[in-house]
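Engineer: As they're listed, the protein sequences go chains X and U.
So in the numbering used here, the last spot in the first sequence is 173, and the numbers never skip.
So in the numbering used here, the last spot in the second sequence is 288, and the numbers never skip.
Keep in mind the hints are simulated off the structure, nothing from the lab.
This one's a predicted model, so the numbers in the text were calculated from it and none came from an experiment.
Mixed in with the good hints, there may be bad ones.
Claimed, not checked - As a list, the in silico SDA-like pairs of lysine to any residue whose alpha-carbon atoms are at most 25 angstroms apart:
1. U:Lys10 x X:Phe101
2. U:Lys10 x X:Leu63
3. X:Lys100 x U:Val15
Said to hold, decoys possible - From the structure, some residues in chain U lie toward chain X, with a derived Cβ separation under 7 angstroms:
4. Val12
5. Val15
6. Leu16
7. Thr17
8. Leu26
9. Ile27
10. Ile44
11. Ser61
12. Gly141
Think of the CB as a built atom: it goes at the ideal place given N, C-alpha and C, for glycine as much as any other residue.
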Amino acid sequence: MSAYSNRISGFAITGKFAISLIAVVVTQGILAFKFKFFGYIDLPLICSVYYGFTIGNPIASILMGSTLGLMQDSLSGAVLGANGLSKTLIGFFAASAGSKFAVDQPITRIFALFLFSLGDGILVTILGLMVGPAASGATYSGAVTRSLLTATFNTLLGLVLFGYRDRLSHATT
Amino acid sequence: MSRIVVESKKPVWIVLTIALVIHTGLISLQGRRRLDTSFIRMWILDTLGPMEKLVDRSSFSVRYVWDRYFALIGLHDENQRLKHEVDELRMQMANDREMVLEAQRIRALAGLQDSGIGKTIVARVIGRDAGRNQTVTIDKGRAHGVRKDSAIITADGVVGRVILSSNFFSIVQLIDDSQSAVGVMLESNRRLGIVKGTGSRDLDLDYIDDDNDIKQGDRFLTSGQDRVYPKGIPVGVITSVSDVRRGYIKTVEVRPSADLGRLEEVLCIIEGPQTADVFDPTQGPANP
Numbered sequence: 001m002s003a004y005s006n007r008i009s010g011f012a013i014t015g016k017f018a019i020s021l022i023a024v025v026v027t028q029g030i031l032a033f034k035f036k037f038f039g040y041i042d043l044p045l046i047c048s049v050y051y052g053f054t055i056g057n058p059i060a061s062i063l064m065g066s067t068l069g070l071m072q073d074s075l076s077g078a079v080l081g082a083n084g085l086s087k088t089l090i091g092f093f094a095a096s097a098g099s100k101f102a103v104d105q106p107i108t109r110i111f112a113l114f115l116f117s118l119g120d121g122i123l124v125t126i127l128g129l130m131v132g133p134a135a136s137g138a139t140y141s142g143a144v145t146r147s148l149l150t151a152t153f154n155t156l157l158g159l160v161l162f163g164y165r166d167r168l169s170h171a172t173t
Numbered sequence: 001m002s003r004i005v006v007e008s009k010k011p012v013w014i015v016l017t018i019a020l021v022i023h024t025g026l027i028s029l030q031g032r033r034r035l036d037t038s039f040i041r042m043w044i045l046d047t048l049g050p051m052e053k054l055v056d057r058s059s060f061s062v063r064y065v066w067d068r069y070f071a072l073i074g075l076h077d078e079n080q081r082l083k084h085e086v087d088e089l090r091m092q093m094a095n096d097r098e099m100v101l102e103a104q105r106i107r108a109l110a111g112l113q114d115s116g117i118g119k120t121i122v123a124r125v126i127g128r129d130a131g132r133n134q135t136v137t138i139d140k141g142r143a144h145g146v147r148k149d150s151a152i153i154t155a156d157g158v159v160g161r162v163i164l165s166s167n168f169f170s171i172v173q174l175i176d177d178s179q180s181a182v183g184v185m186l187e188s189n190r191r192l193g194i195v196k197g198t199g200s201r202d203l204d205l206d207y208i209d210d211d212n213d214i215k216q217g218d219r220f221l222t223s224g225q226d227r228v229y230p231k232g233i234p235v236g237v238i239t240s241v242s243d244v245r246r247g248y249i250k251t252v253e254v255r256p257s258a259d260l261g262r263l264e265e266v267l268c269i270i271e272g273p274q275t276a277d278v279f280d281p282t283q284g285p286a287n288p
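Pulled out of the complex, with its shape left as it was, chain X reads as follows (with noise of 0.2 angstroms):
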């Protein structure tokens, strides 16, 4: 790879990464606050799924996930480094899944999506858990419906946004 292209990719992976930046704090900050029905809505999930799968980049996903993650801890109030170790993993699966699976069919991705949002519910329940209950505001009745919930409102928007970027790609090029 030209020293060209590494720019390219470069930029690429910021503009990526600072629009997910941007989704975390619209997620948390507004529309979560504002709308109850985005509280079933985890942007960063979908966003750190989306480009682990098409960034082709391990550790930019990995980076991405976690300072995500940890961003929505802190505004989130959860307890600081559950998202970002949940999300951490996630960027590192979705990369390795996407170098290995055909992530641009619909199937891969409503299973991938499903799996790693429920995966992250119960991740971050049971971390907030071992810190405790005051800290994590995680209870045991209605965490695995939330999660569940989450992992189908998740898996519903992200292939509406999945297609969406991809007819955007398809388009510019």
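Based on the hints, put chain U in the right spot on chain X.
Structural biologist: The following block gives chain U in isolation, referenced to the frame of chain X:
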């Protein structure tokens, strides 16, 4: 890209491990309360706060513009429609009010019709002479039985007489016309007299048998002796009595009982009473 993944596999694990250790450490520190990690939150919050504010302001601005402008696009049309509707309803209300008033007037005239003054017909005033002569035009004529010298009255009193009658319209000389004269009698003492129009609002007493008992507030009724107006219909009320004599009687001004300035429906007496020639408005309808 897959080539990069293969080439950089070792650093990937290193980065992953470092990231996981950092996050685990943060979680662990919070659990054991060994280190206050709030400074990390504060730093991130301070960094993202302005962006959050920017997004919030942007969404507020978009919502503001939407609410104030785009959401009002249909409001103009709706406003116009509602204004039009209000105008229509106002016109309808005014029309209804007019109909109610008209019904009241016609009911009063109908009461008068049944009071024994003879055969009558209701006519509508459709025009007024704006010149010197005090005349009005009504929408009834010969075809309806209206003839020259037919008496025109309202429920309040005498209006005038027909001076010209066509097939379908007639011209009525009002009693306040300067060429008009009505045979009257004083309601209180039944003394006979004549009142004449002056061309202005009030009438003048032109003749009376004895003017000694005349006082302000007395009423004049038609005497029936002029053979135009049936006997007993209110003509007017004395508004002033002056000792200054005009000829050999006192100067007496009479205000017409009927509101001659606001005539809309009138009653034409097309045939005089056959039996009783005395009409007393205080007695009410003959056939209630």
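Engineer: Which hints, by number, does the structure contradict?
Structural biologist: The structure breaks hints 7, 11, 12; every other hint is satisfied.
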